[in-house]
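Using the sequences and the hints given, assemble the complete structure.
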Amino acid sequence: QMKSLFLSMAAHDLRSPLTAVAGYTELLQKNGEMVSPTKRSEFLTIIQTQVKRLNRLIDDILNLDQIERGLLQIERLPVDLNQLVQNTAADFAYLVARNQHNLQTNLTEDALVLPFDESKMQQVLYNLLSNAVKYTPHGGEIQVTTRREGETAVIEVADTGLGMTAEQVSHLFELYYRSDEVRSRKIQGTGLGLFIVRSLVEAHGGTISVQSEPDAGSVFTISLPL
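The sequence shown maps to residues 15 to 240 in the numbering used here.
Cβ-Cβ distance ranges computed for the label pairs, FRET-style:
#1 T166 to E47: 54 to 64 angstroms
#2 A180 to M48: 48 to 58 angstroms
#3 T235 to G153: 20 to 30 angstroms
#4 L240 to Q87: 19 to 29 angstroms
#5 G84 to A104: 29 to 39 angstroms
Derived by calculation from the structure, the hints in this document are not laboratory data. Positions of the beta carbon are idealized from the N, C-alpha and C atoms, including for glycine.
Quick look at the structure:
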């Protein structure tokens, strides 16, 4: 039953960016000459944002299959963690502006070059930021922080969003989990994102934890060995 519900939600989440891409592409094709350069740039940014969203949804589904079959592969190469955080945060510029969020990155001056799979760690950050944007009201704050603690690199993603009860937090990283409150608010999602996040972090030898209170936001903390 949970898998059937997931397939239904996944189909909906895949259709949404496809509809946006198709709509704006058709608009540019039919009325391109009448669209101002500013609007054209805005439409292309929307298309690019939705394509990236679509790619991440597909990555989640593919990684779930690999995780369930025990076939997840991590290709480790030296990666600058601060640069990765900056690049991922930049991908959310349009959504942050649309929701009037204040997204800040507070990056340590320490060199944090870690041997990890760049695409998979970017997926971790993308899913956490996507959740922060999704559950934070208009005008809210989102903050990404990096720091070094001994031989550990720490990433924190904090928001001023809905927050969660202790009961909700206890189930947060379970596959397909979505709280009753999220369902009642009809917030889109597959229940895959945080399960994927934890699986990918642990595959790198790291840990993830969360602190949250209702109406007081959430703080996700990732610790990775240097």
